[in-house]
Every structure is written in structure tokens, then in C-alpha cells.
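Visitor: Below are the chains, spelled out letter by letter.
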Amino acid sequence: MQRPSIDELNKKAKEIRRTVLKMLTEASSGHTGGSLSVVEIIISLYYCKMRHDPKNPGWQGRDRLVLSKGHACPTLYAVLAECGYFPKTELMTLRKFGTRLQGHPQLGLPGIEASTGSLGQGLSIAIGMALAARLDKKDTRVYCVMGDGELNEGQIWEAAASAAHYKLDNLCGIVDHNKLQIDGPCEEVMDMGPLKDKWASFGWNVLECDGHNIKELMDSLDSAERKKAKPTVILAHTVKGKGVSFVEHKAEWHGIAPKKEELDRALKELE
Amino acid sequence: MLSVKGELKLDSTRNGFGKGLVELGKANKNIVVLSADLTDSVRAHWFKKEFPDRFFSFGVAEQNMISAAAGFALSGKIAYAATFGVFAAGRAWDQVRVSVDYMNLNVKIVGTHAGISVGEDGYTHQALEEITLMRVLPNMTMIVPSDFTEAKRATLKAAEWKGPVYIRLGRNASPILTEESDPFEIGKGILARPGKDITIVACGQMFFEAMKAAEILAQKKIDARVINMHTIKPIDEAILLKAAKETGAFVTAEEHSMRGGLGGAVTEILSQNYPVPVKMVGMAGCGQSGSPQELFKCFNLLAEDVARAAEGALAMKRP
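If you read the sequences in order, they're chains A and B. At the far end of the first sequence sits residue 271, using the working numbering, and the numbering has no gaps. At the far end of the second sequence sits residue 319, using the working numbering, and the numbering has no gaps.
Honestly, I wouldn't trust all of these hints.
Just some of the chain B residues that point at chain A, by a computed CB distance under 8 Å [stated by the list, open to error]: (1) Ile-31; (2) Glu-50; (3) Pro-52; (4) Phe-56; (5) Gln-63; (6) Ser-67; (7) Gly-71; (8) Phe-72; (9) Leu-74; (10) Asn-172; (11) Ala-173; (12) Ile-176; (13) Asn-300.
Treat the hints as calculated values from the structure; they're not laboratory data. We treat Cβ as the ideally placed atom computed from N, Cα and C, and that holds for glycine.
Kindly produce the complete structure, drawing on both the sequences and the hints.
Guide: Right under this line is the structure:
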């Protein structure tokens with residue numbers, strides 16, 4: 001696959017942010033902060049890293065993404081539509097009655113690999129997929145995008161132990177490390193201590209990068225693919241609400257959508 | 001079907017599951033088995049020995065195991081995840097709900113050591129709520145085999161059944177009442193004994209007590225029908241409504257809470273279609289340590305208790 005240039009991808013990121021904000025405003029509910037922080041992560045995966053075929057979503061040879069932080073689904077939906085999994089016109093049905101674009105991802109929408117939203121479960125699902133791929137002798141890679149608030153869930157650490165135990169080098173976790181959760185700064189709500197050491201002590205290969213720098217993300221994803229006998233986690237440092245000045249670094253924007261006038265201001269910033 | 005009289009062969013439903021798994025493993029390469037540090041206890045060790053590459057240990061981490069089972073199923077496997085009922089249905093319930101049931105996946109959850117018959121370990125290990133917890137999930141199928149033979153057959157049939165299945169098993173050796181040649185279909189109750197005065201609907205080990213209760217009632221000239229309701233969901237409405245019309249009174253019997261279990265499932269159907277008096281036999285409170293025999297007596301789960309409940313239901317029959 002020909003990788004698009006960094007410039008093209010940065011342009012794409014801006015477009016996705018604009019689309020996501022429009023979707024959220026149209027829905028008048030949803031998760032703005034975490035959708036904006038995860039944009040480059042999702043873009044790097046779908047445009048550079050993952051083998052997938054929007055015309056054949058069930059293609060057996062595809063790589064898989066489990067969006068464990070399911071509330072960031074507007075960004076995933078926007079990227080999937082952009083790739084051609086379903087019509088872009090459908091994006092504006094987000095969260096509306098009868099839509100396939102549920103408030104949290106639901107299996108059945110082309111491109112969605114797992115229903116997620118109850119935090120902490122995605123990494124375990126990804127582990128099942130990675131083990132199945134190994135059993136079937138497939139070279140499938142499985143990616144799991146988690147939030148940093150989500151790391152409070154005990155199940156994440158059950159999963160972390162088991163992925164290392166099984167030496168799942170076809171599994172790559174990516175933490176959208178925006179340092180804010182619903183109640184406030186992560187370290188104030190529940191200090192998880194040094195995350196890098198934590199993952200490493202569970203037996204993971206740990207990488208860190210700027211989660212808004214596509215070059216760094218791609219380098220990390222490539223490096224993860226080369227690592228043998230260990231799962232990799234990428235701590236991708238991001239900014240909650242990235243790209244919109246009045247949303248950035250604000251925990252209160254976790255679970256609300258922009259109003260019409262806020263959308264106009266945001267779109268102007270993203271021109 | 002075998003008789004309740006005379007010497008009965010004993011074996012556990014968990015053994016039936018373990019034997020069924022090995023048969024399945026031979027027949028179907030897509031079967032994988034997951035366990036949470038209770039491999040011998042849930043009788044998955046026979047499968048592990050035969051098919052080590054398709055067996056996966058998850059340690060004491062049921063939540064991770066259930067969601068991982070979902071991942072296997074999303075990759076085309078039929079995943080059997082086995083642990084004690086209390087942990088499968090209780091501790092990992094949100095994982096069962098979101099990772100498994102919501103996606104309607106081919107995950108077969110096997111909860112062993114269910115009911116008070118697990119005995120001496122006491123209440124923390126006596127699953128008494130899983131019928132309620134599992135049957136409330138929209139896509140879940142819920143099976144409570146009555147004996148070793150049914151447990152084995154349920155294990156095999158679950159693999160062919162599309163979607164999630166919960167199989168509830170016991171630890172102790174219990175009487176074997178059914179034979180391989182008896183009918184067994186998921187979703188179809190079994191008319192085990194005809195009768196016209198009252199219907200006893202039972203599941204699990206209480207099926208044996210129900211059959212004995214029918215003998216006690218027969219001595220009092222009460223002609224009791226007995227239904228072995230091994231599938232709680234989807235429940236066999238036809239067999240229940242026919243019995244309601246023909247007998248006009250019911251007793252439900254389960255080694256489980258009376259809130260929302262088999263009794264709840266039966267009354268939901270009857271009350272909305274053909275209301276008749278129902279008495280429930282089951283657990284009202286927490287369990288405690290003791291031998292299965294002591295506990296069945298203490299908590300009024302013996303055949304005599306079922307027979308007494310039947311007389312109570314008969315007294316409530318309207319002219």
C-alpha cells in the first residue's frame with residue numbers, strides 16, 4: 001500500500017476533526033474531547049498501517065481495530081466513511097433514532113469489529129482475536145485503542161498480564177493519553193502512577209510518542225510490528241479536545257457536544 | 001427415561017460437560033476452551049490433555065476470560081468459557097452482557113458448582129442467581145441440565161446452537177435419570193411423567209426431587225405431571241400452556257433463588273396467557289456450609305417439600 005504523505009494526512013486529520021464536530025453538533029450529544037484527541041491515532045492506523053478492504057469488510061486477511069474507548073466512535077465512524085465502508089451521508093445520523101451509528105460502536109456497521117463502550121473490555125476482546133489468529137496461523141495484527149481513564153479498570157490489567165503471558169506480538173495497544181477523564185485530571189481522579197513502568201512490568205514492550213504527530217505514530221506502529229515475543233503498547237501523548245482552543249485541556253468537554261455557535265468558532269479554527 | 005426407583009447410577013453434570021467437550025473437540029476443530037484457574041474443577045482438563053493448542057488458561061481473571069472468548073468468537077471460533085457459576089454470571093456479568101450477549105456471539109459460558117449442592121464451601125461459592133442473571137439477557141440461551149447425560153448433550157448441542165449459551169452445572173454426583181435415546185432439544189421441555197391434577201416443572205437436580213415428589217403424591221391419589229425444563233430460555237411455552245389447561249395448578253422447583261429463576265420464567269408465561277396458581281420451591285435467602293443432603297433438607301428442597309408445595313397449589317385451585 002502506498003502511504004499518503006504526512007502533509008496529506010495532516011490535512012485529512014483537519015477534515016476529520018471538522019466532520020466529527022459537525023456530527024456531534026447535529027447529534028447535540030456525544031464525546032467531543034476524546035474524539036478529537038484520538039484523530040491522528042485512528043488516521044495512522046487506517047491510512048498507513050492496517051491491511052483492510054472497505055469493499056470487503058469481512059476479508060479474512062484484514063488487520064483489526066478494537067476501539068475500547070468506544071465513546072470516541074465519531075472519529076472512527078468519520079474515518080470509516082472516508083475510507084468507503086459506508087456512505088458519508090450516514091455520518092449525520094450519529095446517535096439518532098434508527099441509526100447504525102450508535103452512541104457507542106455496535107457490531108453490524110461495516111468496519112466495526114466489536115461492540116464496545118463499557119470500558120476495559122476491548123483489550124481482552126483483542127487478545128481473543130490475536131490468539132485466534134495465531135491458532136489459525138494468520139499474520140493478522142490486532143490493534144486496541146484505549147483511553148487513559150479506562151486504565152483504571154481492573155480488567156485492563158488482567159488483559160495486560162494475559163497478553164504478555166501469551167507473548168502476543170501480533171497485538172498492539174495504543175493509549176490515547178490525554179491525561180483527562182470525566183471527573184478531571186487523571187492523576188487527581190485516580191493516579192495510576194508511572195504508566196510506562198506499569199505496562200513494562202506486566203511484560204509489554206512500551207513505546208511513547210506524540211499522539212498528534214503522524215510521523216511519530218507511524219514509526220511507533222512500525223517498531224511495534226518488528227518486536228517479537230511481546231505485545232507492544234504505545235503511550236500516545238495527546239491533548240483532549242485537540243484542535244479547538246476552547247475545548248483543549250478541558251475535562252468538562254468529555255461528554256458534551258458543541259452548540260451551533262461553538263461549532264462555527266471551532267470550524268473557523270480548523271480552516 | 002430411567003425410573004426414579006431402585007438403584008440409580010450417579011455422576012455429575014460437570015463430568016457430562018467434560019466428556020462432551022472431548023467429543024466436540026474431536027468433531028469440530030473450531031472449538032476452543034478457556035478456563036480461569038479451575039480447569040480440573042470444571043472438567044476442562046480432559047479437553048486440555050487432548051487438544052492443548054486449543055485450550056487457553058486465563059488465570060483468576062474471569063472478566064478478561066469472557067471478553068477474550070468474545071474475541072475468539074469474532075474470529076470464527078466457538079469458545080467455551082468455563083468457571084464456577086458465581087464468577088461467570090456474577091463477577092463477569094457486564095462482560096457477558098456487552099462483550100458476548102450484545103454481539104450475539106458464539107460463546108458458550110459454562111458455570112459449574114451451581115446451587116447449594118456445592119455444599120461445604122458455603123454461600124460465596126453457591127451460585128443461586130445465575131438463572132435470573134442470564135435469562136434476562138436478550139440473546140442468551142439458558143440451559144440447566146438435569147443430569148450427567150443431559151449435560152453432555154447440552155454441551156454438544158450448544159456448539160450447533162447459534163449465539164450465546166449459558167450452561168448451569170453442579171459439582172456433586174447426582175442421579176442419572178435420562179438416557180442418550182431420550183429426546184433432548186434446546187428450547188423443548190420434556191414431559192417426563194404424565195398427570196392431570198397438577199404440574200411440577202423442575203430443572204437441574206430438582207428434577208429428581210420432582211419425580212420423587214410425584215411418587216409421594218401418587219400415594220395420596222394426586223396425579224402429578226412432571227416437566228423437565230432443562231432450557232429456561234427460550235422457555236417451552238407450548239408445554240407450559242398445555243399443562244396449565246390440563247392440570248390447572250403448578251409447582252416450580254429449582255436449586256436457585258425463587259426471585260426471577262425458573263419460577264419467574266414460568267409465571268411470566270402463565271400470568272400473561274393462562275393464569276393458574278403456582279407455588280415455588282427454591283432458595284429464599286443466602287446459603288451456608290454443609291453437605292448437599294443437609295442443605296437440601298435445611299432449605300426445603302427435598303421431594304417432600306415439593307409434594308407439600310403441590311398440595312398448597314392444589315388448595316389454591318379455583319373451582
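Visitor: Each hint: holds or not?
Guide: Against the structure, the hints come out as follows:
1. Ile-31: violated, 11 Å
2. Glu-50: violated, 15 Å
3. Pro-52: violated, 12 Å
4. Phe-56: Holds. Min distance 6 Å.
5. Gln-63: Since chain A brings a Cβ to about 4 Å from Gln-63/B, closer than 8 Å, the hint holds.
6. Ser-67: holds, 3 Å
7. Gly-71: This interface hint holds because 2 Å falls under the 8 Å limit.
8. Phe-72: holds, 4 Å
9. Leu-74: Hint on Leu-74/B: holds, closest Cβ of chain A at ~6 Å, below 8 Å.
10. Asn-172: This interface hint is violated because 30 Å lies over the 8 Å limit.
11. Ala-173: Constraint on Ala-173/B not satisfied, violated at 33 Å.
12. Ile-176: violated, 35 Å
13. Asn-300: violated, 38 Å
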